[in-house]
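Protein chains: 2
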Amino acid sequence: MNVWEQYTPELVTDLYELTMAASYFQEGMIGEATFSLFIREYPPDRACFVLAGMDHLIQMISEMRFSEASVAYLASLGKFSSEFLDYLRGFNFTGSIRAMREGRIFFPHEPVLEVTAPIIEAQIIETLALNVIQLETILASKAARCVHAARGRGLVDFSLRRTQGVDAGVKAARASYLVGFLGTSNLLAGKIFGIPVFGTMAHSYVTSFEHEMDAFLAFARAFPENTVLLLDTYDTISGAEKAVQLAQMMAAQGRSLRGVRLDSGDMVHLSRRVRQIFREGGIPEVKIMVSGNLDEFRIQEMVDAGAEVDLFAVGTRMGVSADAPFCDIAYKMVEYAGRPVLKLSSGKKTWVGRKQVFRCFDNKGMMKEDLLALASESYPEAEPLLEVAMEKGRLVRPPDNLQSIRERFEGEWSRLPLSCRELKPSSHFPVRISHLLQSLDDRIAEERELEEVKGKKVSSSG
Amino acid sequence: MNVWEQYTPELVTDLYELTMAASYFQEGMIGEATFSLFIREYPPDRACFVLAGMDHLIQMISEMRFSEASVAYLASLGKFSSEFLDYLRGFNFTGSIRAMREGRIFFPHEPVLEVTAPIIEAQIIETLALNVIQLETILASKAARCVHAARGRGLVDFSLRRTQGVDAGVKAARASYLVGFLGTSNLLAGKIFGIPVFGTMAHSYVTSFEHEMDAFLAFARAFPENTVLLLDTYDTISGAEKAVQLAQMMAAQGRSLRGVRLDSGDMVHLSRRVRQIFREGGIPEVKIMVSGNLDEFRIQEMVDAGAEVDLFAVGTRMGVSADAPFCDIAYKMVEYAGRPVLKLSSGKKTWVGRKQVFRCFDNKGMMKEDLLALASESYPEAEPLLEVAMEKGRLVRPPDNLQSIRERFEGEWSRLPLSCRELKPSSHFPVRISHLLQSLDDRIAEERELEEVKGKKVSSSG
Numbered sequence: 176m177n178v179w180e181q182y183t184p185e186l187v188t189d190l191y192e193l194t195m196a197a198s199y200f201q202e203g204m205i206g207e208a209t210f211s212l213f214i215r216e217y218p219p220d221r222a223c224f225v226l227a228g229m230d231h232l233i234q235m236i237s238e239m240r241f242s243e244a245s246v247a248y249l250a251s252l253g254k255f256s257s258e259f260l261d262y263l264r265g266f267n268f269t270g271s272i273r274a275m276r277e278g279r280i281f282f283p284h285e286p287v288l289e290v291t292a293p294i295i296e297a298q299i300i301e302t303l304a305l306n307v308i309q310l311e312t313i314l315a316s317k318a319a320r321c322v323h324a325a326r327g328r329g330l331v332d333f334s335l336r337r338t339q340g341v342d343a344g345v346k347a348a349r350a351s352y353l354v355g356f357l358g359t360s361n362l363l364a365g366k367i368f369g370i371p372v373f374g375t376m377a378h379s380y381v382t383s384f385e386h387e388m389d390a391f392l393a394f395a396r397a398f399p400e401n402t403v404l405l406l407d408t409y410d411t412i413s414g415a416e417k418a419v420q421l422a423q424m425m426a427a428q429g430r431s432l433r434g435v436r437l438d439s440g441d442m443v444h445l446s447r448r449v450r451q452i453f454r455e456g457g458i459p460e461v462k463i464m465v466s467g468n469l470d471e472f473r474i475q476e477m478v479d480a481g482a483e484v485d486l487f488a489v490g491t492r493m494g495v496s497a498d499a500p501f502c503d504i505a506y507k508m509v510e511y512a513g514r515p516v517l518k519l520s521s522g523k524k525t526w527v528g529r530k531q532v533f534r535c536f537d538n539k540g541m542m543k544e545d546l547l548a549l550a551s552e553s554y555p556e557a558e559p560l561l562e563v564a565m566e567k568g569r570l571v572r573p574p575d576n577l578q579s580i581r582e583r584f585e586g587e588w589s590r591l592p593l594s595c596r597e598l599k600p601s602s603h604f605p606v607r608i609s610h611l612l613q614s615l616d617d618r619i620a621e622e623r624e625l626e627e628v629k630g631k632k633v634s635s636s637g
Numbered sequence: 176m177n178v179w180e181q182y183t184p185e186l187v188t189d190l191y192e193l194t195m196a197a198s199y200f201q202e203g204m205i206g207e208a209t210f211s212l213f214i215r216e217y218p219p220d221r222a223c224f225v226l227a228g229m230d231h232l233i234q235m236i237s238e239m240r241f242s243e244a245s246v247a248y249l250a251s252l253g254k255f256s257s258e259f260l261d262y263l264r265g266f267n268f269t270g271s272i273r274a275m276r277e278g279r280i281f282f283p284h285e286p287v288l289e290v291t292a293p294i295i296e297a298q299i300i301e302t303l304a305l306n307v308i309q310l311e312t313i314l315a316s317k318a319a320r321c322v323h324a325a326r327g328r329g330l331v332d333f334s335l336r337r338t339q340g341v342d343a344g345v346k347a348a349r350a351s352y353l354v355g356f357l358g359t360s361n362l363l364a365g366k367i368f369g370i371p372v373f374g375t376m377a378h379s380y381v382t383s384f385e386h387e388m389d390a391f392l393a394f395a396r397a398f399p400e401n402t403v404l405l406l407d408t409y410d411t412i413s414g415a416e417k418a419v420q421l422a423q424m425m426a427a428q429g430r431s432l433r434g435v436r437l438d439s440g441d442m443v444h445l446s447r448r449v450r451q452i453f454r455e456g457g458i459p460e461v462k463i464m465v466s467g468n469l470d471e472f473r474i475q476e477m478v479d480a481g482a483e484v485d486l487f488a489v490g491t492r493m494g495v496s497a498d499a500p501f502c503d504i505a506y507k508m509v510e511y512a513g514r515p516v517l518k519l520s521s522g523k524k525t526w527v528g529r530k531q532v533f534r535c536f537d538n539k540g541m542m543k544e545d546l547l548a549l550a551s552e553s554y555p556e557a558e559p560l561l562e563v564a565m566e567k568g569r570l571v572r573p574p575d576n577l578q579s580i581r582e583r584f585e586g587e588w589s590r591l592p593l594s595c596r597e598l599k600p601s602s603h604f605p606v607r608i609s610h611l612l613q614s615l616d617d618r619i620a621e622e623r624e625l626e627e628v629k630g631k632k633v634s635s636s637g
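So the sequences go chain by chain: A and B. With the numbering used here as the guide, the letters of the first sequence map in order to residues 176 to 637. With the numbering used here as the guide, the letters of the second sequence map in order to residues 176 to 637.
Same shape as in the complex, but just chain A (with noise of 0.2 Å):
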């Protein structure tokens, strides 16, 4: 049983958006609604997030359609009216998507997604749409954080193992790719979306071999242009005089030892006696490469401490964003057929009406502050960051190539503040109201305050 197959996107719903729509249909509501998808906080140690996953989350929307086992599941519950479970049958998304596009720079409140469709179009992909948007952001945002501590050293993404399911895995290694590794171990993503994939040995090999030596000398044969030797099996130390042996024997073939791998002890002053016995063993350019517990802490940590490192293989903690295992993300109805729409419930702002982010730079380019506004607001100095994805049901672009996708990522990260890049952050990037929005927002909670907690009639001037 292969469980992924069965993972279809109409169904990954929570029931409460079958029941809502079932209710919309029963009552004949048919209105279009416009819902926002952003975050609402910061995470930990967090002043900026990286948008993912957006691609792959339209092309969803787009293609979606209840299969006829997903019907005969869903009538099975004994919830639902024939007459709805048709209109499920023939289910399309026709309604309209401006969104950021990935590797874009983003911060809380700023909607990364607005969706206008008729109410149950908008209102069934909820689930999938957070999900989805949830999780690779939260991944690339977390990657590039390692990114900047490596300060130009090459990272690569060895999570697989221990992220929340594969799903998460292939897209810790697609998000962090998108913000700058070199690639990943894992081989799924590799296939899917192009990645390099990186990967030599395990303990379990050395040990399979009566001798370290002997595992040594048998990788250089499979692997001979290609040769990268895992040191700590016993004794990091004892692994890298004998690295230097096998360079010396390659070398009189013609060969060259690639790198090494350290996976244990004290890594600042392992990577510099290793570093220091391959320069005198004559091989000082061979390639070091550590992994275990890695995160953007512990490699700032080890850059500032003068480890010998020029990879760094970063796995769980980042592949599961560790420190910050989820946001404050949410998906919420801000107009209905015309109307804005607000809840009060304390503590959960949302702003309303459809929004557009103004971005503002300064005279050196640097990003300077950030304008939450109304759709129909116009600031023509400013960069508009919501863009129309999706028309009445028609992509207008098709998705981003990854190389598009990094380097627009590259170009956002070098233009924001500095003291929104560092691991700590010192300052939050400034996000500016505008006052229409404002106004807007603060009539249409008082008009829902007199009228449904106060319980006075007010006339509705929306």
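Take the hints with a grain of salt, since some may be wrong.
Which copy? The list can't say, so a pair holds if one copy fits it or any two copies do.
[What the hints assert, rightly or not] List of simulated lysine-lysine pairs, DSS-like, C-alpha gap at most 30 Å:
1. K631 x K523
2. K599 x K543
3. K462 x K629
4. K254 x K629
5. K462 x K523
6. K254 x K462
7. K631 x K543
8. K523 x K629
9. K524 x K462
10. K254 x K631
11. K543 x K567
12. K599 x K631
13. K543 x K524
14. K599 x K539
15. K539 x K523
16. K543 x K523
Read the hints as simulated data drawn from the structure, not as lab findings. Fair warning: this is a prediction, and the values are worked out from it, not measured in the lab.
For chain A, the structure is supplied; the task is to place chain B on it using the hints.
Relative to the frame of chain A, chain B by itself:
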């Protein structure tokens, strides 16, 4: 593009599994290897693990083949010989597996899985085994804590929107159901596993109507037998008063309001106020569900503080195991070609050899101590936890159904010492190492130390 359909088990693999395999192939290494899968340490606040994911893993191993598309991708990497690629085309798992059953409680260093197979086969499944077992096990272990904290009140999984991907969402629904949740909001998990599904309405539903009461009336029309109202869109207390009005109207038609949900604010205070309003309105029996940022600690606080809650809807923090989003899980070779093997890497202990976990009970039937021993040992008074699941590539039993796993877990949990069930455990369960295992481990470690680190020759007497 449905990316999930492209997830094939044979490529849920790090590249190094295949580079090692290619070298074994080239060297003609066809000896049998045994690998142990175990967790090294407790994450914070944990004193036990609940095993989940095993049946799915074993099924996938037994069915694993390399598709032509997967082989073509591997060929495109330019790393593998055509002989090795042909070997992969004919791959199927011919080994044996001993494993604990799902729902079992286990402790660090206890193997939950031992795979004995030709070394290439045993090696190739490493990444898949780690990913599948870790995810469902950390989720089941987290969810069990929520069930414990709820002291008999019902729980439902609402996590799909913020799990780390769709695979994690499906596994969160299954894992939480295995340890006693009533069901899930997740339709995909409902369809795949037959788990009961729950869910009613979101804030967007309420705001899409001009007035909250219109929304409540419409929902009661659509789902007269299962009317559950979300109360906090504008104000929980006003919402509760409207719920009483609706319940009175429904009563006039011989129907009754099923329940309400609170999603924000001071839940202890609000749930008590709502119950009071319901008592005064003559509907004391209406179920109160709460949701929003719940985990086992929050649930315990609410129960202790006398919150009036019938049902907890637990989302993100359970679904990502937020306080312990990964664990130190490992899959290590412990024997090759009849020779016990181990690595010496500092701080990462692996017990050598094929093993068995023997569980001892006191005279009241409570778990007293586990004994980690060699598989060849025998302790007739204790229960051996590793059972044969596959023999020479053939499954020896069908997968457990979910109900029997639920019952197994319930039995295990009730026999676990109270100190290990607490949210802040006061002690750890004793796991003793058998004398034979300890002395074999000492002997091999010493031999490796002498041979590989100090460079002396030792006469092997494996």
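Status of the hints after comparison with the structure:
1. K631 x K523: This pair counts as within: shortest intra-copy Cα distance 24 Å, inter-copy 67 Å.
2. K599 x K543: within (20 Å within a copy, 46 Å between copies)
3. K462 x K629: between (70 Å within a copy, 26 Å between copies)
4. K254 x K629: neither (35 Å within a copy, 72 Å between copies)
5. K462 x K523: The answer is between: 25 Å across copies meets 30 Å, while 50 Å in one copy does not.
6. K254 x K462: For K254 and K462, only the inter-copy Cα distance (20 Å) is at most 30 Å; the intra-copy one is 62 Å.
7. K631 x K543: Neither: 43 Å inside a copy, 65 Å across copies.
8. K523 x K629: Within one copy, since 20 Å is at most 30 Å while 63 Å is not.
9. K524 x K462: between (50 Å within a copy, 28 Å between copies)
10. K254 x K631: Result: close neither inside a copy nor across copies, 36 Å intra and 74 Å inter.
11. K543 x K567: neither (34 Å within a copy, 65 Å between copies)
12. K599 x K631: neither (48 Å within a copy, 49 Å between copies)
13. K543 x K524: Within one copy only: 24 Å inside, 51 Å across.
14. K599 x K539: within (25 Å within a copy, 53 Å between copies)
15. K539 x K523: So K539 and K523 fail the 30 Å test inside a copy (36 Å) and across (50 Å) alike.
16. K543 x K523: within (27 Å within a copy, 48 Å between copies)
The structure fails to meet hints 4, 7, 10, 11, 12 and 15 from the earlier list, while all remaining hints are met.
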